[in-house]
Amino acid sequence: MMRSSAIFSGLTLISRGAGFARDVVISAALGASAGPAADAYNTALSFPNLFRRIFAEGAFAAAFVPAYSKTLELDGPEKADRVATQALAAVAAATVVLTIVAQLAMPWLMMVINVGFLEDPARYKLAVVLTQITMPYLPCMAIAALLSGVLNARGRFIVSGAYPILLNLIMLAAVIPATGGQVGAAYAASWAVLAAGVAQAGLCWWAVRKAGANIHLAIPRLTPEVKAIIITAIPAAVGNSATQLNVFVSGNLASFVDGGRTWLATADRLYQLPLGLVGVAIGIALLPRLSAAVASNDHARQKASMDQAVLLSMALTLPAAAALMGMPYFLIDALFTRGAFLDVDAEATARALFQFGWGVPAFVLIRILAPAYFARGDTKSPMRFALVSVVVNVGLAVGLFFGARMGVPGIAAAVSAAAWSNAGLLALNLWRRDHYRPGPALVSRLIRITLAAAGMGALVAFASWARPYYQPEIQSVLAAAGLSVGAKEIAVGLVSALGGLAYAGLALATRAVTIAELRALVQRGNGGKD
1 MMRSSAIFSG LTLISRGAGF ARDVVISAAL GASAGPAADA YNTALSFPNL FRRIFAEGAF
61 AAAFVPAYSK TLELDGPEKA DRVATQALAA VAAATVVLTI VAQLAMPWLM MVINVGFLED
121 PARYKLAVVL TQITMPYLPC MAIAALLSGV LNARGRFIVS GAYPILLNLI MLAAVIPATG
181 GQVGAAYAAS WAVLAAGVAQ AGLCWWAVRK AGANIHLAIP RLTPEVKAII ITAIPAAVGN
241 SATQLNVFVS GNLASFVDGG RTWLATADRL YQLPLGLVGV AIGIALLPRL SAAVASNDHA
301 RQKASMDQAV LLSMALTLPA AAALMGMPYF LIDALFTRGA FLDVDAEATA RALFQFGWGV
361 PAFVLIRILA PAYFARGDTK SPMRFALVSV VVNVGLAVGL FFGARMGVPG IAAAVSAAAW
421 SNAGLLALNL WRRDHYRPGP ALVSRLIRIT LAAAGMGALV AFASWARPYY QPEIQSVLAA
481 AGLSVGAKEI AVGLVSALGG LAYAGLALAT RAVTIAELRA LVQRGNGGKD
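Our numbering applies: residue 1 is where the sequence shown begins, and numbers increase by one.
Calculated from the structure, these hints are not laboratory results. Treat each hint with caution, since some may be false.
Derived DSS-like pairs (lysine-lysine); straight-line CA-CA distance at most 25 Å [claimed, not checked]:
# : residue 1 : residue 2
1 : Lys380    : Lys227
2 : Lys227    : Lys79
3 : Lys380    : Lys303
4 : Lys79     : Lys210
Ranges of calculated distance between the beta carbons of each label pair, as one might list FRET restraints [unchecked claim]:
#  : residue 1 : residue 2 : range
5  : Ile234    : Glu73     : 23 to 33 Å
6  : Ala481    : Gly17     : 24 to 34 Å
7  : Ile474    : Val97     : 54 to 64 Å
8  : Gly184    : Gly403    : 34 to 44 Å
9  : Pro224    : Pro107    : 39 to 49 Å
10 : Asp343    : Trp206    : 42 to 52 Å
11 : Ala454    : Gly17     : 25 to 35 Å
12 : Pro77     : Ile234    : 23 to 33 Å
13 : Leu217    : Gly184    : 35 to 45 Å
Positions of the beta carbon are idealized from the N, C-alpha and C atoms, including for glycine.
Could you put together the complete structure from these sequences and hints?
In C-alpha cells form, the structure reads like this:
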C-alpha cells in the first residue's frame with residue numbers, strides 16, 4: 001500500500017505543482033475582490049465539481065470499486081469487465097442528463113447557489129454563462145473516475161494519478177495568452193476546463209484498454225449488477241450530498257463578501273494539497289485491498305491495512321497541518337500576492353487558511369476511515385455521520401459568519417469543526433462494531449508524530465514572525481545579482497525546506513517514523529505492476 005500510495009502521491013504532487021502554476025497565473029489575471037471575474041470563474045469551476053464529488057468520484061466510486069474488486073477477486077476479469085461496462089453506460093447517461101438540465105436551469109440555479117451575487121448583476125450574469133460552459137466537464141469526469149477505479153482495482157495507479165495534470169496544463173495554455181482583461185481570462189479558463197475534461201476521459205479510456213480490460217460503450221440497461229451498485233450508491237450519494245451541502249453553504253455565505261468565494265477557493269488550494277497527496281492517494285490504494293480482504297474474510301489483513309493507512313496518513317498530514325497554521329500569511333503572500341491579487345486578499349485568505357489548517361487531519365482521516373465501511377458494502381453509516389456534520393457546519397457557519405462576525409474565516413472554522421465531527425463518528429462506530437481498533441503501538445506512534453509536527457510548527461511560526469529580519473537580506477542578494485523580484489518566494493521555500501528537515505529529524509529521533517519504513521516506501525517490490 002505504501003508503494004501504491006507513493007506512485008499516486010508522486011503523480012498528484014506533479015499535478016499539484018502544475019495546478020499551483022495554474023492558480024498563480026489565474027489569480028494574477030483575475031484577482032479576487034477587484035472585479036466580478038474571479039468569483040464568477042470560481043463558481044463555474046466549483047459547480048460541476050460539486051456534482052462530480054457527489055456522484056462520480058463519491059457515491060458511484062464508493063459503490064463501484066468494491067463491487068468491481070470483489071468480482072475481480074472471486075469471478076475473474078471477464079465478469080468484472082462486464083460489470084464495469086454496464087456501470088459506465090449508466091453513469092455516463094445519468095451525468096449527461098444532469099448536465100443538460102443544469103445548463104437550461106442555470107439562471108435560476110445561480111439565484112440559489114450564490115444569493116449574494118444578486119446584488120451585483122455583472123457577477124451574476126458572468127457566473128451563469130461561465131458555469132454553462134464548464135458544466136459538460138461533469139460527464140467527462142464521471143467517465144474518467146469510473147475508468148480510474150478500474151485501473152486502481154487492477155493495481156494500475158500511474159494514469160489515475162496522472163490524468164489530472166492535463167487539466168492544469170490545458171488551462172495554463174489557454175489563460176497565459178488570453179486577451180480581454182479579467183473577463184477574457186475567465187472565459188479562456190472556463191473553455192479550457194471543458195477541453196481538459198474530454199482529454200482526461202480519453203486518456204483514461206486508452207489506459208484501461210492498454211491494461212487489458214475489455215470495457216466498451218453500451219446502451220444503458222438496469223441490470224441486476226447496476227441495480228446493486230445504485231442501491232449501494234444511494235446512501236453514499238446522500239452522504240456526499242450532505243458533505244457538499246457544507247461546500248454549498250460556505251460558498252453562499254461567502255458570496256455576500258466581494259472576493260469571498262475567491263478567498264475560500266485560494267485557501268482551499270493549499271489545504272487540499274495534503275488531502276490530495278495523502279488522504280485521497282492512500283484511500284484509493286486502501287479501498288481495493290480492504291475490499292479483497294473483506295471478501296476473503298482475512299481479519300488480520302484488514303487490520304494491518306488500516307493500521308498502515310492511519311499511520312502513514314498522519315505521519316504526512318500532521319506536519320502539513322502544522323505548517324498551514326504556523327505560517328498562513330507567509331504562504332499566501334509568497335505564492336499568490338501579485339498582479340490583481342492584492343495584499344488585502346492575501347490577509348483575508350490567510351485567516352481562512354489558518355482555520356482550515358486544524359481541520360486537515362480530520363479531512364484526511366475521513367478518506368481513510370470511510371473505506372472501512374465501503375469495503376463492507378455499508379454506505380448508510382457514513383451517510384448518517386455526514387448528515388450530522390452538515391448540521392454542525394450549517395449551525396456554526398451561520399453563527400460565526402453573522403453572529404460572531406468572523407466573516408469568511410468563520411466559514412472555514414465551521415468546515416473544520418464539521419470534518420472533526422464526521423471523522424470522530426466514523427472512528428467511534430468502527431470501534432463499537434469491532435471492525436477496527438488501533439492498538440497501543442499505533443497510538444504511541446501517533447503521539448510521537450504529533451509531537452514532532454508540533455515542534456516543526458513552532459519553528460515555521462517563528463520563521464514567519466522573523467520574516468522582516470531576513471527577507472530584506474535575500475532581496476539585497478538578489479538585487480546584487482540584478483534581480484528585483486523573488487525574495488518572498490525564495491524565503492518561503494527556504495523556510496518550508498527547513499521545516500521539512502526539522503520534522504524529519506524530530507520524527508526519526510522520536511521513532512515516530514523508522515528508517516526501515518522509509519526504505520520500504522522507496523524500494524520496489526517484485527509484484528508491482530507499474
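Each hint tested on the structure:
1. Distance restraint check for Lys380 and Lys227: the Cα-Cα separation of roughly 16 Å lies within the 25 Å cut-off, and the hinted pair is therefore satisfied.
2. Distance hint between Lys227 and Lys79 is fulfilled; the C-alpha atoms sit about 16 Å from each other, no more than 25 Å.
3. Using a Cα cut-off of 25 Å, the hinted pair Lys380 and Lys303 holds, with the two alpha carbons roughly 22 Å apart.
4. Restraint check: the Cα-Cα separation between Lys79 and Lys210 comes to about 18 Å, which is no more than 25 Å; the hinted pair holds.
5. At about 24 Å, the beta-carbon gap between Ile234 and Glu73 stays in the expected band of 23 to 33 Å.
6. Checked against the hint of 24 to 34 Å, the C-beta distance between Ala481 and Gly17 comes to roughly 25 Å, which is consistent with it.
7. Distance hint check: the CB atoms of Ile474 and Val97 are about 55 Å apart, consistent with the given range 54 to 64 Å.
8. With their beta carbons about 40 Å apart, Gly184 and Gly403 fall inside the hinted range of 34 to 44 Å.
9. Evaluation of the 39 to 49 Å hint for Pro224 and Pro107 yields a pass: the beta carbon distance comes to about 41 Å.
10. Against the hinted window of 42 to 52 Å, the Cβ-Cβ separation of Asp343 and Trp206 comes to about 45 Å, which satisfies the hint.
11. Taken as a hint, the range 25 to 35 Å holds for the pair Ala454 and Gly17, whose Cβ atoms sit roughly 27 Å apart.
12. Under the hint 23 to 33 Å, the C-beta atoms of Pro77 and Ile234, about 27 Å apart, fit the expected range.
13. Remark: the range hint 35 to 45 Å for Leu217 to Gly184 is upheld by a beta-carbon distance near 37 Å.
In this structure, none of the earlier numbered hints is contradicted; all agree with it.
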